[in-house]
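Trainee: Chain by chain, the residues:
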Amino acid sequence: MSVDALDSSRTQRTLTGTARLLLALHIDGPLFIALCMVGAVGAIVLFSASGSSLGMLEAQLMRFGLGLIAMIMLAQVPPRIIRNAAPVAYVIGLVLLLLVMFTGDIAMGAQRWLDLGFVRFQPSEIMKLAVPLACAWYLHERPLPPSLTSLLVVGLGIVIPTVIIAEQPDLGTALLVAAGGGMVVLLAGLQVRYILSVVALLVPVAVGAWMFLLHDYQKQRVLTFLDPQSDPLGSGYHIIQSQIAIGSGGVFGKGYLNGSQVQLEFLPERSTDFIFAVVGEEWGLMGLVTVILLLMFVIGRALYLSATAHDTFSRLASGSLALTFCVYVFVNTGMVTGLLPVVGVPLPFISYGGTAMVTLMAGFGILMSLCAKRKLVSR
Amino acid sequence: MPRSVRIKDHLGEQQLFEQRAVVAAVIMVIAMGLVISRLVWLQVVKYEYFADLSQGNRIRIEPIPPNRGLILDRNGLPLATNAPSYQLELTKEQVEDIDATLNGIAEIGLIEKDAIPTIKRDLRGRRSFDAVPIKLQLSELELARFAARRHQFPGVEIRPRLTRYYPLAESSVHAIGYVGAISEDDKKRLNLDDYAGTTLTGKNGVEYAYESQLHGKAGYQQLLVNAQGRSVERIGDEAAKLERREPVAGNDLFLTIDQRVQQAAEEALRGQRASAVAIDPANGDIIAFVSTPAFDPNLFARGLSRPEYLALTEDPNRPMYDRVIRGVYPPGSTVKPMMALAALENGIVTPANSVFCRGAYRMPGVSRPWRDWKPGGHGHVDMRKAIATSCDVYFYDIANQMGVDRIHDYLSQFGMGQLTGIDIPGEKNGLLPSTEWKKKAFRRKEAQMWFPGDTISIGIGQGYMTATPLQLAHATATIANRGQRFKPRLVRAVRNVTTGEITELKPSALPSAHVNDPGAWDVAIGGMYDVANASYGTARGATANALYKIAGKSGTAQVFTVAANEKMKKAGELAEHLRDHALFVAFAPAEAPRIAVAVVVENAPGGGSAFAAPIARRILDVYLLTPEQLAEQDAKRKPAPPAPVPRPGETE
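So the sequence lines, in the order shown, correspond to chains B and U.
Take the first sequence: its position 205, counted from the start at 1, is 205 in our numbering, and no numbers get skipped.
To convert, count from 1 in the second sequence and add 1000; that's our numbering.
So that you can see chain U by itself, here it is in the shape it has in the complex (with noise of 0.2 Å):
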């Protein structure tokens, strides 16, 4: 029958829904069938094993908690453990009056009047069964003195639990980061499933970034209870019948700190809002990390007070605050090692050509003046003194013929301006500037419009210009390694605890930095080397007698803007907080380097090279003397040195 003279039939419409409507009847029975014989094998077959399951007695599934991952130092040297402590956690359906109960311990002092609407709305989203903690780590006086009341309060009962602790206390903090009881923002982000009976969560640093590696996945036990929901012993065959999964526990980190490297830097840091770190070339790994002042992340997995929280948060000297990462300054004359790269790479200048320096830089039609930090100036210089001396002048002028936008394209390959892509959150990506940046940042047209003035400061690494200290040891590695770039790393292999399996992570390759003629390397590291080694070095009193050579570069970074034709003050005169902050950058051994660190003080009494190069040279001391070596030289030099192993509560 061709398709285009069908028509309707109703008569046989009505007999094919008819004969549908049957078949679906059938199908129904058929399935609601299969559902009532579902009902029988659960109801009459399987009726003993379930009521057993749930007359009498009930099987209640509780939660382990698996053990957190421990995290090493590079050399096995643990720097997060878990230790055993006691908490309170409360059963909302053993508790008649839960306000009643939490007054009740708020009165003995237990937990604060403050936290009870927190802990209640935690309790909500609780099943009635779980035990939910809402105080950790007693003391042992909270434990006394909630064990003499404890019959006042049923449900809340004391459970031993591991929880984090950190045996080196302030050391490493703002790299592992700390836990902290979890919040309602870490449970959007987990899996809740996997933290049944977990209380603490990473929230910073390693801690919080590697919190997957290191959590591991709850286990479970089944429980006999009566019908008040007590645990009750194990009846005989019942016992049998009780599943247990155990937890699987998290792995553990080895990171690339060397913690006998990071409490030197730590102990020359000391009393200073200052950052350190150090940067293994060959492959990013980061051996020293430090931010002081530093605080104590024990406080944080056994819950902050309120004042507690408020102490550390608005202490000035912000203790929480990871200046390594977060901390963004102005480079200095850290940045004229890689600004003469970028003059040799766009053609400028050779390394022979020299300028003479009379003490200031004029450009034409400019009557202002750029000034060198030499008043009388260094006379004639080539690239490799300029770099040596740190002469102001030179660099004004290169950076004035570039441009700001080619020494943008350029320090950009060397990461400035931009995230390094350390494993850990929060850092800042500082500011590389360029004519498009400015045009962006600013709402006001005049504002909008770049300046040669504007570059002419970015050649010493002043202005607009930003950079974190991570930044730096990261450029500075990567001109120890001639333009070879890793990301920086604080793990370097994870082990899983039950196999005790090592699986080591590769390090991860950056673009590198570009060079036409890779004689340019032998002028910028040959200028840093100039800088610790040559008699005109600005750097060379702090590099004395080290039993390697050393390639370094200081700076000094203006908080406060002095005109430029006023004499310049004294630092002494300054408030402290508007001094200058001091920065030197190096690499050691100078023709092999496996060492690469930068070191901001702020608001220091005295330059990058009087101040923070000395701290650079303990580092790179401890990194690569042996212990007798060190002993050795520490011995001869005068003043005293800070002892290696300081005695507790030993502060400048």
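Extracted from the complex, chain B is given alone in its bound form (with noise of 0.2 Å):
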């Protein structure tokens, strides 16, 4: 505690008018300008991913400034007060779930929207937040290592809403938000013997999974991932064309707006799930390593700036963020490189795609408001 003291009082005097603001903001300079970065990055991608759409670039970069002004408004919020929100912003997710699992508008043959009269939205994105803050919320004043009382609650915290979302079917997003719990109670110091059974229950949870949850595309997906020239011109065809994409960019890609997957739409989806891909075929194995450090950068930051927080709270909750940012960006380069199936799990910053950008930006933002460097009298 004191080191914190003395260390933010020397940087204090250095400060400089900008980083005087963003102190004064709960604002990580570098994560900002991390983020910043790859936000940019994302916008040039998509141009050329989308077909050269203007209209398409112009609406990323609007959700990516409301996304901002979400990050800076959250990192207001005293961390006391994100504390006591998690447990019912918990509650409020969870009904708005089953609400949609009973009402909710089908689009693209899944039950994920609930619409509102003025907007439509999936609650499942507030789970992604909701989750791992009530975990943590629920863990922070319990002794850690976390008995296994407080562990049967938290697991079935995490359960019940990953399986409604999973039957909606968002099998990507039930992954984010199980993972988003599960870092919680890994960062906790969940002893080795339950992450062992954990690791053990797996296997029949995931046979039951296969044989009573997955639907029949989703099983689809997972059968294809092993093989994927079985079914070429189905579920196949995308992660062949992703690889070819990937492949013939070589190390130093075809050029802007010069790859032939991508351009000639031999590539589907390429302007979402897929845009890794995009990178891959017109920036090469650079584009690639840049885009992924960029990545980790951020994952590394924020993970950092967990480790300096205050309290049990604080920290369980940021550094669970930073880490389903993690897996995020694994998931989606895995599946896009053919390493893992293919779930619906985005690039995030990178692809287009509204919702979950704004959630990811409101994430960093509580991640600041936790971290941030406040006077002791703040406590």
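These are calculated hints, taken from the structure and not from any lab test.
It cannot be assumed that every hint is accurate.
Distance condition first, Cα-Cα at most 25 Å in a straight line; then the derived DSS-like pairs of lysine-lysine [what the hints assert, rightly or not]: (1) U:Lys1217 <-> U:Lys1188; (2) U:Lys1487 <-> U:Lys1506; (3) U:Lys1120 <-> U:Lys1008; (4) U:Lys1092 <-> U:Lys1120; (5) U:Lys1188 <-> U:Lys1092; (6) B:Lys219 <-> U:Lys1187; (7) U:Lys1487 <-> U:Lys1203; (8) U:Lys1092 <-> U:Lys1113; (9) U:Lys1217 <-> B:Lys219; (10) U:Lys1008 <-> B:Lys373; (11) B:Lys219 <-> U:Lys1188; (12) U:Lys1120 <-> U:Lys1203.
Interface residues of chain B toward chain U, partial, derived using beta-carbon atoms under 7 Å [what the hints assert, rightly or not]: (13) Ala206; (14) Gly208; (15) Ile246; (16) Gly250; (17) Leu257; (18) Asn258; (19) Gln263; (20) Ile292; (21) Leu303; (22) Leu323; (23) Cys326.
If you're wondering where the values come from, they're calculated on a predicted model, not measured in any experiment.
C-beta: ideal position from N, C-alpha, C; glycine also.
Hints are included, so try docking the two chains, each in its own frame, into the full complex.
Mentor: This is how it looks when you write it as structure tokens:
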């Protein structure tokens, strides 16, 4: 504690005007700059992926701006309020999920959307933030590592929304929600023996999910992942075309707006889930590694910030948000390169699409609030 | 350390967190390292391979549609085959202005202007490099017309494809069904991966019900295409890498239909609004399945224009309407053998009990009489004679004694009022009324009451009762089989085209109709035998001189209710569509039945025995006699019967 205080008082002396402003707004400079860079890269790639569509570019930049505003606003909310709001947000999110289950609109064959009259949104997006926050709230005043009872409560709190979302069916979001909660538990110091037993338990759960929970098209994706050539006209088509795009990009890429896989529309979902392959074709290995390093910097910085947080709740919640972001990146790049089966997870800040972008930015806003260096009186 | 005294250790938790965060960071680095090494594998090690696939020449996957399975009659005569034809296909990415192109094609008369929005909707859902058919089965003239102007339409090409062909045109169309262009609704039902390249799917009948057997699985081939997407010549080494997977052809189906009998039945019914269906009582196999008038299914495979379609749907004789399974008629006197069995089963009468028929039945307390079809009455009749002479008064009486619910429960055992479960879609279940049914069917309280008078009409198959011709044939087969029932079916075997292996499908038995005393069958069947063979039998004329013994029952279904006390008008004075329907059910040989048949002729100029029975006789003859016997019999009969093979175009 004292080291922190000393540290901040020493830096405060050398602050410039901008830095002072950022500090006052609880914004972490390096993270903020990295996020803006990722957003800029995303916009540039999207323009090519969308077939030079100015409309889509505009929409994406608008959402990014909206996300930034949401982030800055959330960073101003005191951690105490965030902590107290966490269980409330969880309950509201769960109710909305149930509501969507019975009344939701069906878009693209999946029941995810809730129409509130003035706005349509996916309650599962709320859960991406509410689940890790609620888990951290539940564990923060109990002794850690968590007892078996706490683990069971938290486990149930994660499994219920995950199953509902997986049934919508939205495997990608279900995965991210489960990861958000799971990361909290791991960071809380879950004993190694529990980790091992969960891994052992995953096998029967996976078998059960395969038999009862997964929809046919989801099973088909997994099967096709194992052997894309088995179904080159159907779901294997994505994986084959995506690998051709990346592979043919080579080390330096074919050049911006020059990827034949992208521009001749061989690559499906090129502006959304498969945008990573667009980078690969047009910017090559260099481009991909740059993007990966940029994203890893964001994750690393967020993880570092969470380790400097003052209380258990802040640490657990922000650490989980950072690691969930990592899951995003790994699952998306893994599926586009053919390492993982195709589940609908976008590449954060780069894939076209609104809700995920705003949720992510909101998450970083919360993280900045929780980890901001505050004067000690604020406690 | 006991659990109850654990307290929070803030410093310990902080350290624990930091330790976990470090582990997480390490795992992240490993995971992303995995991704990067995968990228190095794809972009550095396998670069040449993927660059080959992508740069310069690209591989396009083109689907190869499977051959649709054939539909054959029970003896292997082809009823539905595949024939080569030419179709017009459009590839989106090669067409600069889709609207202008479609309008241009419409101007030279190959597609209709009205069809353009539908075609565009279809195009929207397809990949830009898919060749989408926009016009099927081009005629010679259309081919020539397009060939002369093809340079105006880049991206539109003529492709030879196999299309469905029904060599016997109208014959058996209601059983076989037909294929047509895949619609938006079909797309929801079908696994589209298997349908890549397929343009047609089953729309009705066997073609629809057995779609998964008939269709097969699409194959594919990889093509080399240049940057514009055109297929280019395969060059040496590269060609070796191109994959091809052969499609899996659909299975052939052997129907239960005997085309010889089918054709004879069609000829016998030609010119009528009528239906006939013949079943093998031993297994439920449908030997003939005729609904007239019919239509040519080849029109649907080719694609109908709107006027052509309207002509079919607005024809007052309704050629597309499948009368065998969708036509519901009052069964009339054809229910009498079942009604007799019901009375015996319920202990209402014994076979020897006789009733004196004066030509009308009076219920105590009701002044209005129920008339017999024969004004003077039949005199003393026992059960067997009541069936043979079709005495209405006898059946009014036993129906009244049984009550509608006992009739309902017993006739249900013969499949009346229920779907028979035939293996094609669209079947109707007719109506076997009961007091409970009436309660549900009517909104007004007064109308919900079941009156004893309602039951009396049921006794002769009138009133609320209706049945489909298939149900009547099925019930007749059940009587012929002394209670044992089989689900009617049109497909008897499936042939795997690749291996040549033929799988016979097992007949599926249904719960039997029950009698306490097996002697009851002898009475009911005996009555039906007398219908055809006794001097007083109603159908003795139509069944005379048969080389085998027939058991049958005629029926006349009232369309227009003539007030009971009004003198019956002559059938000829009524408007044609108000005339009665003529029905006949039969099975033969009576002692060892091999075929059961039901014939319904709508608005016939005569009753069942005069008009429907000769048609049933013809069907039985063709099925049971050898061709030589048939020819000999035809030669003897006067006036000359229809020739076995009519000249084309010959109608009544």
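Trainee: If a hint holds in the structure, say so; if it doesn't, say that too.
Mentor: Structure-based check of each hint:
no. : hint                    : in the structure
1   : U:Lys1217 <-> U:Lys1188 : 17 Å, holds
2   : U:Lys1487 <-> U:Lys1506 : 11 Å, holds
3   : U:Lys1120 <-> U:Lys1008 : 68 Å, violated
4   : U:Lys1092 <-> U:Lys1120 : 10 Å, holds
5   : U:Lys1188 <-> U:Lys1092 : 23 Å, holds
6   : B:Lys219 <-> U:Lys1187  : 20 Å, holds
7   : U:Lys1487 <-> U:Lys1203 : 23 Å, holds
8   : U:Lys1092 <-> U:Lys1113 : 19 Å, holds
9   : U:Lys1217 <-> B:Lys219  : 20 Å, holds
10  : U:Lys1008 <-> B:Lys373  : 24 Å, holds
11  : B:Lys219 <-> U:Lys1188  : 19 Å, holds
12  : U:Lys1120 <-> U:Lys1203 : 22 Å, holds
13  : Ala206                  : 20 Å, violated
14  : Gly208                  : 26 Å, violated
15  : Ile246                  : 5 Å, holds
16  : Gly250                  : 5 Å, holds
17  : Leu257                  : 15 Å, violated
18  : Asn258                  : 11 Å, violated
19  : Gln263                  : 10 Å, violated
20  : Ile292                  : 6 Å, holds
21  : Leu303                  : 5 Å, holds
22  : Leu323                  : 6 Å, holds
23  : Cys326                  : 5 Å, holds
Violated hints for the displayed structure, listed by number in ascending order: 3, 13, 14, 17, 18, 19.
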